[in-house]
Amino acid sequence: MRETAMTQIEPGAQPLLSIRDLTIGLPAGGDRPYAIQDISYDLHAGEILCIVGESGSGKSMSANAIMGLLPTYLKPERGQILFQGRDLLKLDETTLLGMRGKAMSMVFQEPLSALNPVMTVGDQIAEVMRVHRAYPGEACQRRVLDLLEFVGLPDPATLIHSYPFRLSGGQRQRVVIAMALALEPSLLIADEPTTALDVTTQAQILALIRRIQAEKGMGVMFVTHDFGVVAEIADRVAVMEKGVLVEIGSAEQVLNHPQHPYTRRLISAVPHGRAREGGHGAAQTVLDVRNLRKTYASGGGWFAKKRVTHAVDDVSFTVRRGETLGIVGESGSGKSTIGKCLLRLTGVDGGQMLFDGQDIARLSERQFRPLRRDVQMIFQDPFASLNPRHTVGRIITDGPVANGVPLADAQTRARELLQLVGLEASAFDRYPNQFSGGQRQRIGIARALALEPKLLVADESVSALDVSVQAQVLQLLADLQKRLDIALIFITHDLRVAAQICHQVIVMHRGRVVEAGPPGQIFDAPRHDYTRRLIDAIPGKEWDSTLIRVAA
Amino acid sequence: MTSFLKRYCRNYGAVAGLLVLLAVVAVSVLAPLLYAESPWLMVADPLVRPFADMAYPFGTDMLGRDITAGLLYGARVSLLVGVVSTTVALVLGVLIGAVAGYCGGRIDDALMRFTEFFQTIPQLAMAVVIVAIFNPSIYSIVGAISVVSWPPVARLVRGEFLSLKQREFVQAAVVIGQRPLRIIVTQILPNAMSPIIVSASFMVATAILTESALSFLGLGDRNMMSWGFMIGAARTMIREAWWMSVWPGVAILLTVLAINLIGEGLNDAMNPQLRRRGE
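Chains as they are written, first to last, in our numbering: chain C, -3 to 548; chain S, 3 to 281.
These aren't lab readings, by the way, just hints derived from the structure by calculation.
Take these hints with a grain of salt, some might be off.
[What the hints assert, rightly or not] The calculated lysine-lysine pairs, modelled on DSSO-like cross-linking and capped at a C-alpha distance of 30 Å, are:
1) C/Lys537 with C/Lys238
2) C/Lys336 with S/Lys167
3) C/Lys71 with S/Lys8
4) C/Lys238 with C/Lys86
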C-alpha cells in the first residue's frame, strides 16, 4: 500500500475515466449471460486503480472495451465509458483511432508477443509517433532515446538498433512501456504486465510503473490476479467476481478490512509465506542426489564453436519419506531441468541419483522402466498434460495397465482416486476439455498417484492456477502426503508457496545451489545475496494477509 | 461427431464436392449395369458428334467406340488408382515419419536423407521410369504412384511427431512407463490424425492426375479404359473431334476439383480454431 499525500483526490474533481453501468453480453450458450454486468467505477488522474479477479472474472473486459479490443462476438449492451467527459462507446472509429496510443495506451502481459520480432526496438517506438504524426524528423530519434532512458534501459544508443529477441523479458516489458508512454497518454492500462516475469524483474517493473505514474501524473488502470502486486502498487482496488464488481475501495480498506465474503476468501487463499516447521529428520532417505550435472550445448556446427550452458551444475540434495523438498529459483535457474533429470526425461551428464540406494542415472531406459512407477510427476500445464483424445478414466488407468495391473482393478482404483482428489466418480467417462484448470490438475495428481509412487515431483504444478484453486490443490497435496507418506519435490518460482509447504528448501541460481536449509532459516535469515534479493522482491511483503484471516 | 458434420456442412464448396464425388463413385459402381459391353468395343459409326444420336450422348471416337461407356469405366480406374495408391503411400509415409519423428537423432537423419533422395527426383519422371521398367499394368501404376507420393506424408508426420513429442501429455506417458510403440500408437498418432487425413484427400486428387498423365503417355493398363488414355488417344484428332478429349478432360477436372474441395472442407471442420482465426 502506498501512503503518499499526492494520491488524495479532492472530492468533486472530475474523474479522468468514469465507467457507468457497463454491461457486455456473452454469446448464447456460455455459463453466464454477461461477460460483465453493470460495472461502474471512476479512475482519477494521478491514481493507480487495481482491478483484481480470478480467471474468467471479466477483469480484463472493461480495459479491453476502453481500448476497443473486444472480440467481435462481444458487444457492449448498455452503459457508458466516459473518458475526459466523452463516451467512448458513442465515438466513431476514426476519432477512436486518433485517441488510442495518444490519449490512452496499453501494456500487455506477454512482452515477447507484444513486440514485432523483425523490427528494431527504435523503429517500433518511433512507429507510434509516426502513426499520430507527432515528433517529426529529427525530434523522433531524440524522443525514442529519451524514452528508452526514461524507462531505465541501459545504453539507449545501442539498444535502439537491436531486435527484441536480444532483450530479456524485463527489458522487453520496458520497451513496451516506453511505446505506451511515447505520446504521454493521460490513461495507461496495464493488463497483467508482470505476470510473465520473474519476481526480481517484476519488482523492478512495478517500481518503474509507480515512478512513471508519479512523474507524469497519469491515471493507471492495473489489471492483475495477484494480491501481492495489489498491495505493492494500488491506491484503490476493485474486486471482480464472475463479471460483477463485488467490492471497490481504497487499498488499505480492501486489503485489511475486506467487506465482501468473496474478497475475504480470495485474500485468505493468498500464500502467506509463513515457514512451516521442519520435517522428521529420522525418516528413511528416498532419494540422494550427488553432484548432479547437466549441460546443454547449442549452436555448434562444423566451424562454429559450441556454446555450452550449465543448466545444472554440481547439485546435491536428499529427500526423505513424508518430506517435502522445495526447489526455488527464477526462470533459467535450472530448477525444472533437475525435475526432468530425476524422471529421465532428459539425459544426465554427471553425478549420481541414488533412489533407494540404486543409481538411476546410470540405468538404460529399458532398465529404468520398471522403476518408473516409483517416481512420478505432476506437470506444470494442466491443459497440455492430459491427452485431449483420451477419457479421464483412460488417462488414469494407462499407468497401472502399462505396469501389468489388470484393467478391471485399475479402473476400480481410478474411481477411488478420483474421489480421493475431490472429483466425482462420473468424471471417469468424460474428456479433459470438460474440466477447469484446477480440476484438470487434480486429474494429473490422480494419474501420478495411481502408480503409488514413493517420490512425487511437482514442477510448477500450481503456478497456472488461480489463488483460491491453488490453495485447494496445495492443501490436497499436503493431505495426500500425510496419508500416503510420499516424498515430494516441489519445484516453484513462488517463494511464498515454497515457504508454506516445504520442510527443506534449496535456492537455485544459474544452475547452482546458492543456499539450502529449512524454510524458516532461509526466509528469516538468508545468508546468500541472491536469496536476499529474491525475498526482497516478493510483492506486497509488508502486507500480511494473515492479519485479516484472524479477524475474519 | 454431429458438430463435425455441422462444421463441414457450413462450407458449401465442400458439400458440392462431396456430392460430385458421390456421383462419380455411383457411376463407377453402376458402370457394368449401365453398359454391359466393354468400352473397347466398336458399337457405332466412327466420329458421331455429341448429342447427335441420343444412344451415344457424348459421341463416339474414331473407331466407333462409345465415349459415354469409356467415361463410366474410366471412373473406376481413376478412383481405384487414387484410393489404393494413397493408402499405400499413407502407410509408408506414416510409418517412416513416425519412427523418424519419435526416435530423432541418427535414425531421424538416416530416414530423412532417404526421404529426400526420393523428393529430389521429379515425381512424374520417376513414375514414368518405374512403370516403364515393370511393364504397364494396374499394379505397376499404383506402385509407382505410391512410391512417388509417400515422401511428403513422411515429412508431415515427422513434423507433427516432433512437436507432439514435446507436449506434456507425451512426457506423462513416458513417466508412467508406457513403451515407445504404445506411446506412438495411442498417444501421439491420434493427435496427428487431422493433418494426415486432410493431406490424404489431396493425395487422392494428385494420384488421379498422375495416372491420367501416365495413360496419356501410353503407359496405362492396356486392359482398362481410363480418362488419361482417352485424352492421349484423342490428341491426334483434336482438330477434327474436339469432344474426344474434352469429355474425359471435364471428368478429370470435376473429380479432382471435388476431392480438393472435400480436403478443404475437412481441414476447416477438423481445425475449427484455424478457420476462426482467418476470418
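Checked hints:
For the proposed pair lysine 537 of chain C and lysine 238 of chain C, the alpha carbon gap of about 28 Å is at most 30 Å, so the pair holds. At most 30 Å may separate the alpha-carbon atoms for a hinted pair to count; lysine 336 of chain C and lysine 167 of chain S meet this at roughly 15 Å. The straight-line distance between the Cα atoms of lysine 71 of chain C and lysine 8 of chain S is roughly 26 Å, inside the 30 Å bound, and the hint therefore holds. Proposed proximity of lysine 238 of chain C and lysine 86 of chain C is supported: the alpha carbons are some 26 Å apart, at most 30 Å.
Going through the hint list in order, the structure satisfies each hint without exception.
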